[in-house]
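Chain by chain, the residues:
4 protein chains.
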Amino acid sequence: MISLESDYNNGAHPMVMEHLFRTNDELTLTYGFDKYSDDAKQKIQKACESEDAQVFLLTGGTQTNATVIDGMLQSYEAVIAANTGHVSIHEAGAVEASGHKVIELEGHEGKLKASDLRDYMEWFVNDESRDHLAQPGMVYISFPTELGTLYSAEELSDIYQVCQDFGLTLFIDGARMGYGLAASTEVTLPWLCKHCDVFYIGGTKVGALCGEAVVFTHQNAPKHFFTIIKRHGALLAKGRLTGVQFDALFSDNLYLRISRHAIDMAMRLKSLLTAKGYRFYIDSPTNQQFVIIPNKRVKTLEKHVAFTHWGPYDSENMICRFVTSWATTDADLDALKKVL
Amino acid sequence: MISLESDYNNGAHPMVMEHLFRTNDELTLTYGFDKYSDDAKQKIQKACESEDAQVFLLTGGTQTNATVIDGMLQSYEAVIAANTGHVSIHEAGAVEASGHKVIELEGHEGKLKASDLRDYMEWFVNDESRDHLAQPGMVYISFPTELGTLYSAEELSDIYQVCQDFGLTLFIDGARMGYGLAASTEVTLPWLCKHCDVFYIGGTKVGALCGEAVVFTHQNAPKHFFTIIKRHGALLAKGRLTGVQFDALFSDNLYLRISRHAIDMAMRLKSLLTAKGYRFYIDSPTNQQFVIIPNKRVKTLEKHVAFTHWGPYDSENMICRFVTSWATTDADLDALKKVL
Amino acid sequence: MISLESDYNNGAHPMVMEHLFRTNDELTLTYGFDKYSDDAKQKIQKACESEDAQVFLLTGGTQTNATVIDGMLQSYEAVIAANTGHVSIHEAGAVEASGHKVIELEGHEGKLKASDLRDYMEWFVNDESRDHLAQPGMVYISFPTELGTLYSAEELSDIYQVCQDFGLTLFIDGARMGYGLAASTEVTLPWLCKHCDVFYIGGTKVGALCGEAVVFTHQNAPKHFFTIIKRHGALLAKGRLTGVQFDALFSDNLYLRISRHAIDMAMRLKSLLTAKGYRFYIDSPTNQQFVIIPNKRVKTLEKHVAFTHWGPYDSENMICRFVTSWATTDADLDALKKVL
Amino acid sequence: MISLESDYNNGAHPMVMEHLFRTNDELTLTYGFDKYSDDAKQKIQKACESEDAQVFLLTGGTQTNATVIDGMLQSYEAVIAANTGHVSIHEAGAVEASGHKVIELEGHEGKLKASDLRDYMEWFVNDESRDHLAQPGMVYISFPTELGTLYSAEELSDIYQVCQDFGLTLFIDGARMGYGLAASTEVTLPWLCKHCDVFYIGGTKVGALCGEAVVFTHQNAPKHFFTIIKRHGALLAKGRLTGVQFDALFSDNLYLRISRHAIDMAMRLKSLLTAKGYRFYIDSPTNQQFVIIPNKRVKTLEKHVAFTHWGPYDSENMICRFVTSWATTDADLDALKKVL
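Listed in order, the protein sequences are those of chains A, B, C and D.
Count the first sequence with this note's numbering and you get residues 1 to 340, in order.
Count the second sequence with this note's numbering and you get residues 1 to 340, in order.
Count the third sequence with this note's numbering and you get residues 1 to 340, in order.
Count the fourth sequence with this note's numbering and you get residues 1 to 340, in order.
Because the hints were derived from the structure by calculation, they are not lab data.
Worth double-checking, as some hints may not be accurate.
The list makes no distinction among identical chains, and a pair is therefore deemed to hold if it is satisfied within one copy or across any two copies.
Stated by the list, open to error - Mimicking DSS-like on lysine-lysine, the simulated pairs with C-alpha atoms at most 27 Å apart in a straight line are:
#1 K270 <-> K35
#2 K35 <-> K299
#3 K299 <-> K43
#4 K46 <-> K303
#5 K338 <-> K299
#6 K43 <-> K337
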């Protein structure tokens, strides 16, 4: 069975696993004060080319979103997100669980438009009943988005400008950050550090067993963020678990190298499917490809390849998600080519 | 100055105030166990023609919505509402403050459509990732809606049917219930008791100084609802304050009589405006009328009459809200006629 | 039946009710922007002899505590209170409902000791695991306490000093503030304004139907406190309800005058009981008197006078609470004298 | 440097790490539906000798406590714990963060007494203001306690009896469950399944990198517990991470074997210290030993051995915590012997 179902159905990248294995016998400090967490943070700062970047390691995406959002907002503040955003739909209400409303704006292929955001904020500040509303305090976007699309540097700059004009924090969910960076010709970690307030570098979907590295870009981590992490149940006693993994991912450029491989595989996958006449639901430059497949074909195809049912396209066709990862091989795609 | 700005810029209806005044010297039990609260509850049960109705008295609308929703939902459950719903926008995130997501569906002139609700729930139960979503547990609608419109009996029945099909609680916000009942030819309190799980009878906007009477329709009040009210800071030490007021409002049919007066005034207002060539943003049968007025005209009109700026209609016109209440007089409308 | 059961089983003081009655027909602005709320706030500022005092009117005690505490704390901060404090026990978890821990220190006749507070904070700041603990952000005390006792000016000053030394906000629950001010020879509103960060002046138990006036003492109201009030369901649409009442209470020194009357009655009650040989559970200078009464005597006494069972003293005696208020009369006490 | 600082400053037990390493290349289902999680759950059920046991795998202790407590309580319910309990102090308010009060009873060497619990509940149900209090819904205890002590089977049975008498859920925090089971002559997993409602088997401190296995003992997992886990940010995308580890820990009796080793080491440590004349703060039969050491001696000792400063004993002595784990060796203790 060829697996193109997700980018988290495998174990860790071999280099990551080996680093875990090799360091396993050492004694370290706990709660993230270990040497490996320190090294990982320094390497991430270096990759960000910023000494003002503050790095914290958490475990998973929903946890990271809920903790960062709650940590940076006042109790009465809300976060603005695309209606397709992960925090809007797929987090079981984790943001609301800490008391914050998610204000959903219409997404465009998964992306929030700067102009929509500006319109919303202008409406808000001019609305006579604005003090009766949840106060917008943050904008949440994903890079890449949940639909595999990417913001251009200009689109991100424009959104950040709106945020700055209206005093909003810009938070970028980077659960698949590596794949976004590898697919973008413009956006890099140093660039991101200058164009948002906080983002995270996803590990779970890019070669780690678990782990997301939050980067506050300008010494703007909330006071007592360690305690905030603990309060959210997000503090690992053995912080080395994420420390060692990010130490490996940010050694020898591993994180970007394996991300680029996944993008190469995705582009080859796209070509294969295009060549076979498949249509795409969305034009994605990243490792998630959304393909329109006749319902009958879905069933026969599934005997050979695993992918995700995204939802119905129309009564006769389904939107199917194919995902590559650092672990996808040419052999996988060769096999796919045969069964298409 | 003619006042058509809101239905809560006056004091209490004279009969309500007089009852407060007359009973002021009596000693009563506290926390809602007083004689007047008891009488009010019995009178409301009687108006509902239901012995299974359980009545609780709270203070204000947002408080009541937050308390009822939190009281009836499990922690992981969400409430579905129209995107124009009061809980969706105008409650400063009070529902989210107790951890519950508001799932917003597109409203149609302020109303939720049963078919949209059914579509959403069918999507939900068939979605493979549904366990990763906030679980819908309740539907919230307003009668009348925030835009002054009314559900027909058939529309309400259809929504309740969807709720029952999918195990959802139906909650009706009746902040302006009196005006809805007075304007509807179909919906009555006894009818409502058979077509939803919980609703409230708004006092604040229909003649009281404060107070909303929650009615659980079939002995389905959450266990420990008294404690839930207390936990929400919604328990009055002098429960008599709301008890006495509802006792007055539900004596001699006062609540419906004054509501009908407001509707009569609203219909006369509508005629006046129509006769003068004004257009309406929405066709409202209740006490809130949304009128499209050229921006320049707004300014001159405001010298004589108070109304609310609802928002821009287009670059040259504004949507203005005119509201009648139990206190609106023919003299008010005569004066308005002159300045139109 | 003589009523000494509570200070909130009556209606409003006649002057308060009359002001409500007299102003009932006027049209006012809503949500607390009315003339009477403005007047009340100015009169309270004047009584506080402080232009830096910011006043907000809420409805009830638990609501006020939960709103002020949540409004002034960061999400990860806790409030320190005596283990007999109202927020510790009698608010159904309303403080925790907005996510904040109540750290309970041993009370001494209802009072928190400055030295205990200092010991706790010194332990806290020196504890190596302090970042794993809820961070103390506020101290909550009651004046008078839940047991009727009063802090001396020195005790309050000492507590405030500890708060300032450790960066804690000092919040004083004044549900019975009037009775405290009337009983104290040292503490006044102007004095309080210089010795805490925020307090409230209770109306519900001192002559109003409902209402508590929060005073931030040095222009330190949290940003967007109006929205915070709304989010807590604590915003009255007809804000005049509390505005008119506090306008009356702070006219002609009414608030203090009626409080003093209650204290006079309480002292006479205390003398009566002492003369009859009753012992007291606690030596209270305020309007709540805690009397130790043999269980059998309780039953016979209850035929003539209403009071509260506070709890068992030992197997043969009960602690009973007798409460005077602005409404207690000499006739009440004369009657009591006969039945004792 | 000899390390007796904690039981989580090392990596995983070699068998656990090897299982992670060996299975790393396999593709599995995500979110805990993988083969290894299934195997782990079955092995735990078998170790519990109960088909009615429902097992869920989470990541860390605070997270597990917050998720289980929130999942099993209604919004208005509180959890009762010893004042030394982990949830009472060392979780940064994580329980309160989801709205639940922790009611603290005096602990006795870390343990809750059944008689204290019964007294509290009898007071509660007889208190006339009980509906104004947070409603007790659960009892939380730790096995072993935070002070290393153990409940006897009789003590646990008595507590469970009180819980059943008053309708309370009994939850046992087993962050160090293995060490408790190894030290107890009475309590086993099958026994626990019959004497509480839910407990967890700690992995992080007993050989795993992370992971706690929650066991609902009688098919009593809350409805939608998967969604509750997700809402708490506690769901791992690569659920295999905990699955593989518990699969290893519950193969060949590894979990108990390594726990017993730690207890053997702890008893040898205790003998060594006793022989050298050290006094103990508490008599602990488990892997945490609390030793009273003169302040001066602490400084010299720390040059050779790492331990934790628990807090001051008196002005001249400190309470120091020495912890053994599965990784402690005879060589460690031989070295310690020399430096004592």
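Quick rundown of the hints versus the structure:
1. K270 <-> K35: Neither, since 42 Å and 31 Å both go past 27 Å.
2. K35 <-> K299: Between. Shortest inter-copy distance 24 Å satisfies the 27 Å Cα cut-off; intra-copy 50 Å does not.
3. K299 <-> K43: Neither, since 46 Å and 35 Å both go past 27 Å.
4. K46 <-> K303: Close neither inside one copy (46 Å) nor across copies (34 Å); limit 27 Å.
5. K338 <-> K299: within (16 Å within a copy, 71 Å between copies)
6. K43 <-> K337: neither (39 Å within a copy, 41 Å between copies)
In this structure, the earlier hints numbered 1, 3, 4, 6 are contradicted, and the remaining ones agree with it.
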